[in-house]
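Chain residues, written in single-letter form:
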Amino acid sequence: MSSSDSNSSSVDDHNPNPKPLDYQFETLNLEQGSGSTIIQNDVDEEGRQQDQGSSLNGSLNVNSNNHEQDDGIGLVRGVVLRRTNSEVEVDVNGPSSPSSSGYAGERGSSGVSEDDEIEEVANDSALHEVFDSQAAWLPGKRHVDEDDASISWRKRKKHFFILSHSGKPIYSRYGDEHKLAGFSATLQAIISFVENGGDRVKLVRAGKHQVVFLVKGPIYLVCISCTEQPYESLRGELELIYGQMILILTKSVNRCFEKNPKFDMTPLLGGTDVVFSSLIHSFSWNPATFLHAYTCLPLAYGTRQAAGAILHDVADSGVLFAILMCKHKVVSLVGAQKASLHPDDMLLLSNFIMSSESFRTSESFSPICLPRYNPMAFLYAYVRYLDVDTYLMLLTTSSDAFYHLKDCRIRIEMVLLKSNVLSEVQRSMLDGGMHVEDLPADPLSRPRSASPHFGEHQEPTDSPRRFREPFAGIGGPAGLWHFIYRSIYLEQYISSEFSAPINSPQQQKRLYRAYQKLYTSMHDKGNGAHKTQFRRDENYVLLCWVTPDFELYATFDPLADKGLAIKTCNRVCQWVKDVENEIFLLGASPFSW
Amino acid sequence: MGMASANSGGSEGMELCIFDLRRGQQEGQELDKILFFFPADLPFSTQLSVIGLSEGLITFTRIFSPEAACEVIEAERHSHVFYEAEPDIWMVMVVEKSKEAEAIWRVEALREVLKEIHSLFMMFYGPVREMLEKDPSGGQIRSHLYPFVMDYLSDFLVGKKIQLPSFRDCLKECGTVQMLTVGREAAIEVQSLVRVLESGAGATHCYSLILFQDLLVSTTLSPDDTINLFAYAVQRLSPRALSSGVSSWSYLRRGSTPSHVVVGPTFATVSVSDQFHQLHATSPSQDNSYHVKRPLQHNRWSKGKDGFLVTDIWGTETGSLIPSTPTIWLQQTGERMYLCAYQYKSLTLILLVPLSSILNGEQGVSLVKQQVLENASLKILKVEEKLSKGWGGENAYHVSGYRYLLIDDDRNVSRASPPAKVTTLAKESLLAMSKLREEVDLEKSRSKWDNADRDKDLEICIRAKNNAWVIARTNRGKELYMVLERANETLLYASDAFERFSDRVPLLASSGAVALGGQLIHVIILTEIKVVIVGHRLLGVRFLLR
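Note that the protein sequences, when read in sequence, are chains Z and C. Take 1 as the starting number for the first sequence in full-length UniProt numbering and just add one per residue. Take 1 as the starting number for the second sequence in full-length UniProt numbering and just add one per residue.
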């Protein structure tokens with residue numbers, strides 16, 4: 001059924017009598033279609049599985065909810081207390097690997113938070129100064145001394161607020177929540193005024209500013225921004241902030257409001273500023289925040305399989321999810337039977353762990369909630385860093401599994417060490433992922449002299465990866481600067497490393513914002529996704545191509561030739577397909593378990 | 001009143017209010033803020049809550065954005081569109097959204113409606129603030145606004161409902177002028193006619209506007225005044241407006257029979273006809289002590305024996321039966337002008353003579369008219385003939401295979417596929433185009449605020465789900481929108497087609513024509529849409545080079 005589906009869709013989607021260029025699009029699409037038959041079946045099965053999974057979990061939750069919740073919040077606060085002294089967090093790896101992954105916005109490298117700047121400062125003219133003067137991004141809340149009377153506060157480019165339906169402030173990105181009580185009450189008044197009229201306010205626009213509202217039961221979230229991002233992106237960011245809150249507290253916090261509408265939630269979130277500020281920071285460097293997909297650390301197929309095998313072993317012994325990650329990239333991931341993990345949950349979980357210093361220094365056992373998996377119940381996460389960037393998460397439903405999970409971790413760590421997985425991971429971090437400069441040449445034209453080190457059908461484990469000293473990219477063929485490929489069935493994406501001229505975090509953020517616009521423009525909720533888009537402005541040529549199997553977003557020099565750009569996109573897709581064993585987690589995806 | 005309350009359910013569709021933030025500051029006097037509210041039969045508490053929310057958000061948004069307060073509120077079921085017409089004088093339109101009823105709006109298109117209401121009002125009565133200063137009770141402004149806005153809205157009545165521009169109108173642009181393509185020889189004739197007209201009046205500083213059918217041929221007015229007078233002429237003075245008697249608003253303008261029929265399924269609209277009837281009987285809160293003229297009333301203009309258009313809207317000269325000559329205010333100079341309109345076949349000439357230059361009132365005006373007839377009759381005949389010969393008819397500007405809209409923002413000129421052709425497009429294509437225009441609107445408003453890159457150069461080609469290509473291109477204040485529905489088109493093919501079109505119409509690079517500083521400039525668009533400029537008084541050449 002699925003194969004006929006994909007066949008017919010390619011015929012529909014594409015010109016039956018195509019011009020040569022689009023013909024390439026089409027053949028590729030057909031291959032994708034037939035190649036993904038198995039995955040499609042899995043998706044169907046997964047859909048059912050997920051239902052069962054959640055209902056199972058829901059019932060489990062109902063039985064022990066009350067107890068768990070109280071218990072859980074207590075536990076959270078325990079963790080929180082340990083976390084509060086993390087102000088001066090420094091990423092140990094930061095200075096030692098300037099070229100680590102090309103995600104210069106990553107923690108520890110010179111991530112810059114432009115939004116943090118007061119808007120005038122961030123003008124283009126001042127761009128270089130801003131860049132030079134930026135220190136590393138520091139987690140946690142700044143500008144606590146400000147409130148809504150301060151001019152500097154009013155000029156911040158992007159505010160986020162969480163408040164309760166009675167108007168009590170819960171979180172503000174800038175300024176002291178307590179001082180913002182009056183402002184918070186105003187936001188609440190706007191929301192309830194519209195609500196009383198039988199409607200629900202979504203957006204207010206004024207000049208360059210947008211005020212975006214999101215109501216989640218008794219919790220109100222508001223973003224005030226002049227960042228040019230589309231409404232849908234800002235709303236998505238609010239959803240993630242809400243999810244992050246649920247991850248810490250579960251949705252059962254709503255019941256506190258049922259009992260007492262004036263309930264003050266701030267103490268429950270005490271010390272979690274770093275978690276939110278790090279999430280907000282990731283909005284400007286992590287495409288997972290708008291793609292709703294995760295990314296993997298590129299690894300030889302065999303290496304990832306070795307990691308997967310040992311995770312799989314422990315997953316059979318009462319572990320719900322076993323996840324091995326390096327920074328925000330997945331090394332391997334295994335879910336117990338019938339359990340699947342949403343990419344947003346992975347994003348929120350890894351943000352929670354990476355932003356909390358205490359997880360780095362000791363092994364931890366912490367209650368967390370996966371909002372997409374089951375927003376009502378806590379799971380328990382055993383977390384242990386295996387080296388500076390690589391950490392293992394074992395999730396379970398049982399609150400007393402610490403010692404068992406500790407044993408599991410010891411087994412896993414031994415196997416990973418023995419099979420060199422950890423050193424491969426470190427090497428991959430140094431090598432980085434796909435570089436546009438390495439895009440294999442068009443088979444029809446003369447091959448490029450620089451042989452692509454990446455993406456050849458290589459011998460497993462020790463594929464010859466040239467070690468790169470600080471990598472200075474020059475851009476790919478036809479003015480290709482960057483691309484993101486998102487596989488729809490795998491819910492994974494691969495983003496190429498940044499190369500010239502998109503060097504500074506500032507430029508990278510601008511590019512991500514352009515991608516967000518493109519993403520929003522392509523995914524029109526009302527009318528269904530568009531198929532292709534070509535967009536040229538003074539900064540870039542952007543090409544987007546959405547098929548039932550994948551989405552490609554590519555950035556070119558604004559002077560790029562349209563025809564060549566299309567050809568290049570075809571080559572990128574082919575390239576990704578050629579190396580998909582290494583860049584994606586295949587088979588081990590949550591779907592296939 | 002009974003009628004009105006029976007129909008109060010109609011207010012679900014659309015609300016429109018005009019209010020003054022400087023009034024009603026004291027608690028309990030909030031009603032004083034309201035200058036106009038539609039529907040008028042809505043309970044005051046509801047009216048006040050609309051204005052309260054608007055005012056609240058204007059104040060709130062100024063915290064972060066002092067330079068531009070609230071422009072729009074998007075809620076799940078309604079859009080609130082804001083327009084600050086004059087300092088602290090706000091117009092807010094609230095429309096209900098409904099996918100089923102095709103009530104899918106483009107905010108900028110709705111804002112254009114508010115802008116047009118205000119600029120037309122200014123043209124006839126001057127600024128709202130001035131009238132408020134003259135009569136601080138607000139009685140005068142209310143008694144003027146009510147019939148004026150209601151007359152304006154009645155143009156949007158389709159059956160019993162108000163039909164505002166929706167996504168189906170995405171290839172039209174309100175607030176712009178549509179021009180006739182004229183050959184070189186005809187252009188020279190037109191130019192000499194203009195000279196004769198304006199000098200024939202003998203007075204200093206006359207202005208003229210010439211239309212052929214519903215299209216502008218020439219103007220010597222400033223761009224803003226041209227837009228206003230052009231809009232009024234098309235709505236009330238053009239041969240079509242005079243003959244049809246039915247509403248021929250700009251949106252339905254060139255859509256003769258076919259598009260009138262096509263007007264579309266049940267739009268999310270307002271059943272308000274009762275209120276319009278009510279207007280004719282007794283307008284609420286209006287007493288007749290203000291002698292309100294209603295320039296937008298229908299069927300009040302007719303063609304006199306001498307070819308001049310007459311109306312009794314402005315009353316009659318005291319002690320005689322001769323109707324008074326209408327007067328309007330020019331936005332640019334603040335001058336008050338007599339409006340003399342002359343019609344010969346499809347040609348409409350509008351001559352504006354300063355009140356200050358005619359000392360003896362109506363007598364002087366009729367003298368001017370007489371002079372015009374004497375000096376220009378022959379030329380008028382000749383020009384009409386020339387233009388008629390060159391006129392390609394309803395579909396003259398149809399380019400087959402393309403559905404397009406060209407806008408020159410700098411000169412406020414637009415040209416579009418004939419409405420009858422646009423209606424052949426699939427709903428999905430129109431929705432995609434409407435959405436794309438919204439994106440471009442946002443980009444435009446952003447670059448307006450970062451003055452740095454005012455000249456936004458943007459090109460977007462989208463292949464929509466239904467395989468139509470939806471294309472937008474902006475460049476230095478020119479915008480081109482295009483829908484290509486032909487199947488089997490690749491991106492390269494689509495952009496080729498686009499380039500071919502752009503080559504023929506170089507993004508209006510040199511089309512459009514409104515006078516600069518009162519100087520006449522003709523821009524002649526040949527039938528092949530090759531653009532040539534001839535004719536000028538002083539600035540023509542500079543204009544071309546600009």
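Derived by calculation from the structure, the hints in this document are not laboratory data. None of the values given here were measured: they were computed from a predicted structure. The C-beta atom is built at its ideal place from N, Cα and C for all residues, glycine as well. Some hints could be false.
Said to hold, decoys possible - Which residues of chain Z face chain C? A partial, calculated answer using Cβ under 8 angstroms:
(1) E146
(2) S152
(3) R154
(4) I190
(5) V194
(6) G197
(7) L203
(8) G207
(9) K208
(10) G318
(11) Y489
(12) T532
(13) R536
(14) N539
(15) D561
(16) K567
Claimed, not checked - Computed cross-link-like contacts, DSS-like style, restricted to lysine-lysine with a CA-CA straight-line distance of at most 27 angstroms:
(17) K577/Z with K465/C
(18) K531/Z with K444/C
(19) K465/C with K525/Z
(20) K97/C with K525/Z
(21) K444/C with K202/Z
(22) K456/C with K155/Z
(23) K456/C with K562/Z
(24) K345/C with K379/C
(25) K448/C with K202/Z
To be verified - Some residues of chain C that are not near chain Z, with every Cβ distance over 10 angstroms (derived):
(26) L242
(27) S388
(28) V399
To see whether the hints hold, each was checked on the structure:
{"no.": "1", "hint": "E146", "in the structure": "violated, 13 angstroms"}
{"no.": "2", "hint": "S152", "in the structure": "violated, 12 angstroms"}
{"no.": "3", "hint": "R154", "in the structure": "holds, 6 angstroms"}
{"no.": "4", "hint": "I190", "in the structure": "holds, 7 angstroms"}
{"no.": "5", "hint": "V194", "in the structure": "holds, 6 angstroms"}
{"no.": "6", "hint": "G197", "in the structure": "holds, 7 angstroms"}
{"no.": "7", "hint": "L203", "in the structure": "holds, 4 angstroms"}
{"no.": "8", "hint": "G207", "in the structure": "holds, 3 angstroms"}
{"no.": "9", "hint": "K208", "in the structure": "holds, 5 angstroms"}
{"no.": "10", "hint": "G318", "in the structure": "violated, 44 angstroms"}
{"no.": "11", "hint": "Y489", "in the structure": "violated, 20 angstroms"}
{"no.": "12", "hint": "T532", "in the structure": "holds, 4 angstroms"}
{"no.": "13", "hint": "R536", "in the structure": "holds, 4 angstroms"}
{"no.": "14", "hint": "N539", "in the structure": "violated, 10 angstroms"}
{"no.": "15", "hint": "D561", "in the structure": "violated, 10 angstroms"}
{"no.": "16", "hint": "K567", "in the structure": "violated, 10 angstroms"}
{"no.": "17", "hint": "K577/Z with K465/C", "in the structure": "holds, 25 angstroms"}
{"no.": "18", "hint": "K531/Z with K444/C", "in the structure": "holds, 25 angstroms"}
{"no.": "19", "hint": "K465/C with K525/Z", "in the structure": "holds, 12 angstroms"}
{"no.": "20", "hint": "K97/C with K525/Z", "in the structure": "holds, 15 angstroms"}
{"no.": "21", "hint": "K444/C with K202/Z", "in the structure": "holds, 22 angstroms"}
{"no.": "22", "hint": "K456/C with K155/Z", "in the structure": "holds, 25 angstroms"}
{"no.": "23", "hint": "K456/C with K562/Z", "in the structure": "holds, 20 angstroms"}
{"no.": "24", "hint": "K345/C with K379/C", "in the structure": "holds, 14 angstroms"}
{"no.": "25", "hint": "K448/C with K202/Z", "in the structure": "holds, 24 angstroms"}
{"no.": "26", "hint": "L242", "in the structure": "holds, 41 angstroms"}
{"no.": "27", "hint": "S388", "in the structure": "holds, 43 angstroms"}
{"no.": "28", "hint": "V399", "in the structure": "holds, 22 angstroms"}
Of the numbered hints stated above, those contradicted by the structure are hints 1, 2, 10, 11, 14, 15 and 16, listed in ascending order.
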